[in-house]
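Q: Here the protein sequences line up with chains A and B, keeping their order. No gaps in the numbering here: position 46 of the first sequence is 26 in this note's numbering, and each next residue is one more. Positions in the second sequence are counted from 1; adding 58 to them yields this note's numbering.
Check the hints yourself; a few may be wrong.
[Said to hold, decoys possible] Capping the alpha-carbon separation at 27 Å, the derived lysine-lysine pairs in DSSO-like fashion look like this:
1) B/K166 x B/K116
2) B/K127 x B/K116
3) B/K170 x B/K116
4) B/K126 x B/K163
5) B/K163 x A/K(-11)
6) A/K(-11) x B/K166
Since the hints were derived computationally from the structure, they do not count as laboratory data. Since the structure is predicted, the reported quantities are computational estimates derived from the model, not experimental observations.
The chain contents come next:
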Amino acid sequence: NAGVTQTPKFQVLKTGQSMTLQCAQDMNHEYMSWYRQDPGMGLRLIHYSVGAGITDQGEVPNGYNVSRSTTEDFPLRLLSAAPSQTSVYFCASSYLLVGREGYTFGSGTRLTVV
Amino acid sequence: AQSVTQLGSHVSVSEGALVLLRCNYSSSVPPYLFWYVQYPNQGLQLLLKYTTGATLVKGINGFEAEFKKSETSFHLTKPSAHMSDAAEYFCAVSRGSQGNLIFGKGTKLSVKP
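Please take these sequences and the hints and turn them into a complete structure.
A: Right, dumping it as structure tokens:
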């Protein structure tokens, strides 16, 4: 039982490059989300999904794109990387009724944009 | 709208001393409340949660928290700190029962020998 798997763990991008952060879960969770963590800011929600084919924006969606074609996978795309997107990115998943178990988090992707 | 305030971005205690990490929330609906712990260079791990029922909830590693509706608080406590408790702790509130946790800014706990 792998839980939530994020790849890559580390990435350095040049300004203007694009890339996809991968997230996969094997718990049959309906809900998946992406957060970014910045010092002193806590975790801020980027995008989330309540099931395959359904996505919605969170608090800080600009510059990011998502899709959910399967229950298991929820990739996050950076369209044109900017230094302000330097952050640690976490993927999380849960049953739709979040109170049952709370979120399960991946181990994070540390992204640096130069 | 939901929001979470964690008082104190950094708390330092001596080994064996009481740990108290403060969390206040605002919510327009009955809240679900959570505490998560993050060890250096790792993801977040659920410590404990309150949904309904008993207001004093116990979690892993000897931590507990009490939901006080009148004070809109959900403070995290541990009677005796251990060196291994050094980490960052996040309080979170859900937007109702379905999805989207709102996180506080976190409190970094240091434990002195």
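Q: What hint numbers does the structure not satisfy?
A: none
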